[in-house]
Amino acid sequence: MNVLVQQQVTDVHFDNKSVIPYIGKKGVKLAVEDTSEQWTVFYNDNSKWKSFIGCSDGNGDDCSLAIHNSETVEHVVFGQDLQHFLLKIGFLDSLLYMTHGSTNWSLESFIEIDIDDIFVGQAGTRLLPEDIQALIDSQNFLREHIEDFNYTLGFSGHFFKKGDPVENLADELLMSQADNFLWFPHMWHHNHAHEYELTYLLALMTQNAMFAKNFNLRTALNYAVSPQHSGVYPIHEPLYESWKTIWNVSFTSTEEYPHLKPAWNRRGFIYKNISVLPRQTCGLFTHTHFFHAYPDGFDQLKKNIFGGDLFSTVLLNQFLIFMTHQQNYGNDRLAHYTFHNLMKFTKCWTNLKFKWIPPKIMAEKYFQKYPEQKTMVYTDPCTDFRHKKMLSVNITCDYRLPNVVIVGPQKTGTSALLSFLKLHPNVTSNVNVEKSFEELQFFGGFHYEKGFDWYKSKFIPTKEHSIIIEKTANYFDNPVVPDLLSSMLPDAKVIILLMDPVDRAYSWFQHMKSHNDTFATMYTPEELFSMTPDHSNYEKTNRLRQRCLRPGYYAENIDRWLDYFPPSQLIFIDANSFRLNPAPILEELAISLELSPSYLNYAEHLKYNKDKGFYCALINGKTKCLGASKGRKYMPISESLRAILNSHFAPYNRSLYKLLKRYKYSIPEWLTNFVS
Numbered sequence: 007m008n009v010l011v012q013q014q015v016t017d018v019h020f021d022n023k024s025v026i027p028y029i030g031k032k033g034v035k036l037a038v039e040d041t042s043e044q045w046t047v048f049y050n051d052n053s054k055w056k057s058f059i060g061c062s063d064g065n066g067d068d069c070s071l072a073i074h075n076s077e078t079v080e081h082v083v084f085g086q087d088l089q090h091f092l093l094k095i096g097f098l099d100s101l102l103y104m105t106h107g108s109t110n111w112s113l114e115s116f117i118e119i120d121i122d123d124i125f126v127g128q129a130g131t132r133l134l135p136e137d138i139q140a141l142i143d144s145q146n147f148l149r150e151h152i153e154d155f156n157y158t159l160g161f162s163g164h165f166f167k168k169g170d171p172v173e174n175l176a177d178e179l180l181m182s183q184a185d186n187f188l189w190f191p192h193m194w195h196h197n198h199a200h201e202y203e204l205t206y207l208l209a210l211m212t213q214n215a216m217f218a219k220n221f222n223l224r225t226a227l228n229y230a231v232s233p234q235h236s237g238v239y240p241i242h243e244p245l246y247e248s249w250k251t252i253w254n255v256s257f258t259s260t261e262e263y264p265h266l267k268p269a270w271n272r273r274g275f276i277y278k279n280i281s282v283l284p285r286q287t288c289g290l291f292t293h294t295h296f297f298h299a300y301p302d303g304f305d306q307l308k309k310n311i312f313g314g315d316l317f318s319t320v321l322l323n324q325f326l327i328f329m330t331h332q333q334n335y336g337n338d339r340l341a342h343y344t345f346h347n348l349m350k351f352t353k354c355w356t357n358l359k360f361k362w363i364p365p366k367i368m369a370e371k372y373f374q375k376y377p378e379q380k381t382m383v384y385t386d387p388c389t390d391f392r393h394k395k396m397l398s399v400n401i402t403c404d405y406r407l408p409n410v411v412i413v414g415p416q417k418t419g420t421s422a423l424l425s426f427l428k429l430h431p432n433v434t435s436n437v438n439v440e441k442s443f444e445e446l447q448f449f450g451g452f453h454y455e456k457g458f459d460w461y462k463s464k465f466i467p468t469k470e471h472s473i474i475i476e477k478t479a480n481y482f483d484n485p486v487v488p489d490l491l492s493s494m495l496p497d498a499k500v501i502i503l504l505m506d507p508v509d510r511a512y513s514w515f516q517h518m519k520s521h522n523d524t525f526a527t528m529y530t531p532e533e534l535f536s537m538t539p540d541h542s543n544y545e546k547t548n549r550l551r552q553r554c555l556r557p558g559y560y561a562e563n564i565d566r567w568l569d570y571f572p573p574s575q576l577i578f579i580d581a582n583s584f585r586l587n588p589a590p591i592l593e594e595l596a597i598s599l600e601l602s603p604s605y606l607n608y609a610e611h612l613k614y615n616k617d618k619g620f621y622c623a624l625i626n627g628k629t630k631c632l633g634a635s636k637g638r639k640y641m642p643i644s645e646s647l648r649a650i651l652n653s654h655f656a657p658y659n660r661s662l663y664k665l666l667k668r669y670k671y672s673i674p675e676w677l678t679n680f681v682s
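Each residue of the sequence shown is one higher than the last, beginning at 7 in the numbering used here.
If you're looking for bench data, these hints aren't it; they were derived computationally from the structure.
There's no promise every hint is true.
Said to hold, decoys possible - Pairs of lysine to any residue, SDA-like flavour, derived with a Cα cap of 25 Å:
id, residue 1, residue 2
1, Lys-23, Leu-36
2, Lys-371, Phe-391
3, Lys-462, Lys-359
4, Lys-667, Arg-556
5, Lys-639, Pro-657
6, Lys-35, Gln-13
7, Lys-394, Arg-556
8, Lys-219, His-265
9, Lys-350, Ile-597
10, Lys-456, Glu-378
11, Lys-267, Glu-150
12, Lys-94, Asn-50
13, Lys-219, Lys-267
14, Lys-366, Lys-462
15, Lys-628, Ser-661
16, Lys-469, Ile-597
17, Lys-219, Trp-270
18, Lys-371, Ser-472
19, Lys-35, Leu-179
20, Lys-250, Asn-357
21, Lys-519, Asn-543
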C-alpha cells in the first residue's frame, strides 16, 4: 500500500465493487476542476485492501481516497478530513455499514417546506402576480423529486392585501389558486403568543379561522406554526390551549428546542398531546431577496446547496421541516433556486428517496424512531437570550438554581455530606418535599413532569448563599439523569462519592432488609450474590441484586456523566475516608467550591458519635446527628461474602482506576489498596 499526499485527482466515485455504499450512488463520477485542492491518495497493491471511494490521479492512474479492509479487525481508512461532500456521504455509509443495520437507517426521507408569512411583508417586497404561477410551477417541479409534494403556506389574515396595488392583485390571484396548496395558521396579526393571555389568543385565532373559512383554505392538517416560534418553547400554556380550542392543533414545529444552536441537537417532544417536531433552516430568511445581496455572496449560497450545510442537513436528517418565507419566492426567487438545485444535486449523488407526508404521519414516524424524545427536556430559559425574550410577561428571572448537585450513589454518605456542607453560612439547599423529604428526585423521577417552575420554586436562597445544593442519591446510576440535569444545569458541579462497592452493596442489602424486602429477608447476602441464572427465583431476585451491584459499576456510570459534563465539573470524594475523618475532605471541598474557609472550621463543628458509629454536626455545643435510618447497625460483612463481591467488582474497579488516572483525579485509598 502506497500513500501519497498533496495530490490532484479527478473522477471521484464510489467503487462499483465496494460493499459499503448505501446512501452514496455508484456509477457516477465527479470531475474535480479545482486544481488547488490537495488530496491524500492510496495506491492499492495489497489484496487485503479494497477501494471504497476511487479516483484517478494526474496521470490517469487509479487510486483511492478511502479504502476498506474486511480481514481481521474490519476498518475503513480515509485520507483526509470530511469537508468534501462525497467524503461526508462515505463516512456516513461507513458508519451504517459497520453497525450492521442496527441503526435502522432508511433511504426514505420525509420533507416539508413551509412558506411562512405568505401575506406578511413591507409593500414593495411581496409576491407579484407572476410569482404565483411560478410557485405552482415550482411545486410541480419538486413533485418530480419529492413524492406527493405540497408546499404548505402559513397565513396571518390581517395582512391580506396590505401591499401595493400590484402585490394586492397577487394576493387575490393566490386566493383564486388556493386549492393548489395546503395551508396552516399563524396568528391573525402575526402576534407573539407569549405576550398574550388565553382570552386574547382565542380572539386572534378566531379571526384567522374566519379568514380561512371565508376563502375555503385547505387547513385540515391540524398543524400550526407560532410566529417566531413564540410560546412553543419555552412553553406558554395559553398558546397550547387556544390552539386546541380553535384549530384542534396536534402538530407544530420549532427551531428553538432545546436551543437554536447547535442545529444538529434540535429535537422533538410532545406536550398536551401536541407533537412538536424540530424545524430546519435552509439559509433563506426574510431579508434574503436577491442573489447579489445574499450574505457572504452568491458563492456562499451555492456552497450551502452543493455539498455544504444544507446538503449535510438533508443527508443526516430523515425528517425535514424547512422554514422559508414568502419573500424567498418573489424577487429573485431564491427558494426556487435553492430547493430545485438541492433536489437535483442530492438525486445525482445519493440514493435518498424523498416523500411528503401529512404532519400527523410525520410525527408518528418521528416518535417511533425517537421514542426517547417524547418527554420534554427542561432547560433554564433565562440562560438562553432567545428564550428569555419569549418568556410570558408574568415570568421573571429573579431566581437562582443549584450550582452543585450531589448525585450519589445511595448508601455512600450523601446525606451526611449535605448536612455538613450546610453548616457553612454560604451554603443552602432545597426545601423539603412530600414523600422524598430532602431529596427532590426531580431529574428522571416522578416529579419531573411537574416542570421547570416546580423545580425552581424549591430553592429559596438569600444573597448570602453562594452555593445552592441539590442532593438526590439515586441520580448517579439513572441513565437518563445526566442528559436531563445538564440540559437545565449545564454549569453545575457534580459531586460523586466513591465507596468500596463491596461495602456499598452490602449496605444496600441491609437497608432493604430493614425495610422488610421480601427477598432480602428470604435469602442471605451470600445466597443472593451467588445465585445462578438457573435458580427458580433468579429473575424475581434480580431487581434487588442489581440495585446492590449496578451503582458500584463506577466507571460505567461516570462515563455517562462525562458525556454531558466536562471533567472539571465532576468532583469525586473517597466515601470510606469521608466516613472515618470528614473534616479534611470538607475543607478541601470548600476550597473547590470557593467557599470562604474563615467562616467555618469543620474540625470544630464535627464530633464522632460512638453510638451512631459516625461523625455528627456540633451546633451550639450540642450534637445533631442524622435520623435513625442513617448509620443503621448490622452484622459486619463476612470474609466469604467479601471475597465473592471482590471477585465480582474486580474488573469494574480496574476500569475505575484507569478512568481516574486518565483524567488525573485523586485515587480513593480503598481503590489504591485494591489494585496494589
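Exercise. Regarding the pair Lys-667 and Arg-556, is the alpha-carbon distance no greater than 25 Å?
Worked result: holds, 22 Å
For this session: For the pair we were handed, Lys-23 and Leu-36, check the Cα-Cα distance against 25 Å.
Result: holds, 18 Å
Problem set entry | Restraint status (C-alpha distance of Lys-371 to Ser-472 at most 25 Å) | violated, 46 Å
Exercise. Does Lys-35 pair with Gln-13 here, judged by a C-alpha cut-off of 25 Å?
Worked result: holds, 18 Å
Exercise. Do the alpha carbons of Lys-250 and Asn-357 lie within 25 Å of each other, as the hint requires?
Worked result: Cα-Cα ~39 Å, so violated.
Exercise. Are the Cα positions of Lys-519 and Asn-543 separated by 25 Å at most?
Worked result: Answer holds: Lys-519 to Asn-543 is near 17 Å, not above 25 Å.
Problem set entry | Proposed proximity, Glu-150 with Lys-267 (alpha carbon, max 25 Å) | violated, 33 Å
Exercise. Given the proposed pairing of Lys-462 with Lys-359, does the C-alpha separation stay at or below 25 Å?
Worked result: Violated, at about 46 Å.
Exercise. Is Lys-639 close enough to Pro-657, meaning Cα to Cα at most 25 Å?
Worked result: Distance of about 30 Å is beyond 25 Å: violated.
Problem set entry | Pairwise hint evaluation, Asn-50 against Lys-94, where the allowed Cα distance is 25 Å at most | holds, 22 Å
Exercise. Holds or violated: are the alpha carbons of Lys-371 and Phe-391 at most 25 Å from each other?
Worked result: violated, 32 Å
Problem set entry | Given hint Arg-556 paired with Lys-394 - CA-CA distance at most 25 Å | Given that 25 Å is the threshold and the Cα spacing comes to 40 Å, the pair is violated.
Going through the hint list in order, the structure does not satisfy hints 2, 3, 5, 7, 8, 9, 11, 13, 14, 15, 17, 18, 19 and 20.
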